[in-house]
Amino acid sequence: DAGVIQSPRHEVTEMGQEVTLRCKPISGHDYLFWYRQTMMRGLELLIYFNNNVPIDDSGMPEDRFSAKMPNASFSTLKIQPSEPRDSAVYFCASSKRGQETQYFGPGTRLLVL
Amino acid sequence: SQQGEEDPQALSIQEGENATMNCSYKTSINNLQWYRQNSGRGLVHLILIRSNEREKHSGRLRVTLDTSKKSSSLLITASRAADTASYFCAYSGSARQLTFGSGTQLTVLP
Chain X
1 DAGVIQSPRH EVTEMGQEVT LRCKPISGHD YLFWYRQTMM RGLELLIYFN NNVPIDDSGM
61 PEDRFSAKMP NASFSTLKIQ PSEPRDSAVY FCASSKRGQE TQYFGPGTRL LVL
Chain W
114 SQQGEEDPQA LSIQEGENAT MNCSYKTSIN NLQWYRQNSG RGLVHLILIR SNEREKHSGR
174 LRVTLDTSKK SSSLLITASR AADTASYFCA YSGSARQLTF GSGTQLTVLP
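Sequences listed follow chains X and W, in order. Residue numbering for the first sequence follows our numbering, starting at 1 and increasing by one per position. Residue numbering for the second sequence follows our numbering, starting at 114 and increasing by one per position.
By construction, these hints were calculated from the structure, which means they are not laboratory data. Even for Gly, the Cβ is constructed at its ideal location relative to N, Cα and C. Please note that the accuracy of each hint is not assured.
[Unchecked claim] Quick list of simulated restraints, FRET-style, between CB atoms:
#1 W:171 x X:87: 31 to 39 Å
#2 X:22 x W:122: 17 to 25 Å
#3 X:64 x W:169: 39 to 47 Å
#4 W:131 x X:54: 37 to 45 Å
#5 W:139 x X:87: 26 to 34 Å
#6 W:131 x X:17: 25 to 33 Å
#7 X:17 x W:206: 36 to 44 Å
#8 X:5 x W:141: 30 to 38 Å
#9 W:223 x X:70: 28 to 36 Å
#10 X:41 x W:131: 29 to 37 Å
#11 W:154 x X:99: 15 to 23 Å
Here chain W stands alone, though its shape is the one from the complex (with noise of 0.2 Å):
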């Protein structure tokens, strides 16, 4: 499967800055969702987005989506120390299975 292009690869910030991390992929999509992963562990489903969408929110994040240039943001604000951990895209056609991108490490200092 074509997997899906998250930059950056890494990002460090400071306690209380923003994280903003951009996901771009290849095909057309019903939806695009956002993974976290803790290291060392299974992944956790954040948000979803479908393709009609173009910005949701769910507590301190903010997903925007723009299908004509095949791309995706996930901003957290107000960033802490429990956010460090790896982020993923994922998306699906018109099939059930997601393609995932190759993730972003976010290390929140405290």
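In isolation and in its complexed conformation, chain X is listed as follows (with noise of 0.2 Å):
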């Protein structure tokens, strides 16, 4: 198995530009779930999904973050307009359903300039 799948693995933007992430979770996986970790805040869950839908967007910081998945194998992590606050590591998870171990990506490297 190829394992949790994040794309791109560094990011460097601008203030004020678009930015996408993305997420393939483990074939059979039923959650996912989006992490930011930083050196002030830790490992935060910004948002997780089950069987596609969203329960839990209580992490996510502001309206600029949206988070999608429209389908088993894809997940998007979206800000819009970045600010350099939010540079971090992004990490996307997947899980099995009545397992609680979940497995990481590689994380995604994001410097908003």
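Could you use the hints to bring the two separately framed chains together as a complex?
So, in structure tokens, the structure goes:
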């Protein structure tokens, strides 16, 4: 199995630009999670989906952030417009129904100038 | 979400020594997990302990859980240089999402 796939691995953009992060979960997994990791705030859950349906988006910091999961094998996290304080590593993780273990992707390192 | 606390924040030991990391949390939990993160990589699951368990072993890892004190510890025995990484506890209550601790940076010197 290829594991959770994220793209791009690195993104550098300027303030005000739109950023789209992509994630392909492990095949057969029912849950997908988006996290953000920073030195100041640690690892924070932004949103998670169950069977492509958003369950809890209370961690999404602002309306500038949106996430979609159009099908079981693809999800996006979009930031529009981006700001320097959005600079962080964004992780996608997936898990299977009945199992609590989460499998993490390699992350996208985002730098907003 | 209320992030768990871990201590120490950083730990440096010699190869062959044991490393102990502690985690405290604030809510009722169903289970507590430990993850490892190598620099610049994603997190990797190490071990899970359920709320009705007190101790669990996996290879060189030993995890304890004290629900009365809302705390857990991870012991790595006979450490190796390859164990150098950040270690995070993560716990879940009734919902599916995990709350992660602040992490312990472990350095094992050869």
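Outcome for the supplied range 39 to 47 Å, where the beta carbon pair is residue 64 (chain X) and residue 169 (chain W)
Given about 42 Å between the Cβ atoms, the range holds.
When you take the CB atoms of residue 22 (chain X) and residue 122 (chain W), is the distance between them in 17 to 25 Å?
Given range 17 to 25 Å: violated, Cβ gap about 33 Å.
Hint check for residue 17 (chain X) and residue 131 (chain W) - Cβ pair distance inside 25 to 33 Å:
violated (48 Å)
At the C-beta level, are residue 5 (chain X) and residue 141 (chain W) separated by a distance inside 30 to 38 Å?
holds (35 Å)
Does the Cβ pair residue 131 (chain W), residue 54 (chain X) satisfy 37 to 45 Å?
holds (43 Å)
Between residue 41 (chain X) and residue 131 (chain W), does the beta-carbon spacing fit 29 to 37 Å?
holds (31 Å)
Given the range 31 to 39 Å, decide if the beta-carbon distance of residue 171 (chain W) to residue 87 (chain X) lies inside it.
holds (36 Å)
In this structure, is the beta-carbon distance linking residue 139 (chain W) and residue 87 (chain X) contained in 26 to 34 Å?
At 29 Å between Cβs, range holds.
Quick check on a hinted range of 28 to 36 Å for residue 223 (chain W) and residue 70 (chain X), using CB atoms only.
violated (48 Å)
Assuming the hint says 36 to 44 Å, is it satisfied by the Cβ distance from residue 17 (chain X) to residue 206 (chain W) or not?
holds (38 Å)
Whether the CB-CB distance between residue 154 (chain W) and residue 99 (chain X) falls inside 15 to 23 Å:
Hint holds: Cβ distance 21 Å, inside 15 to 23 Å.
Consistency with the previously given hints fails for numbers 2, 6 and 9, ordered from lowest to highest.
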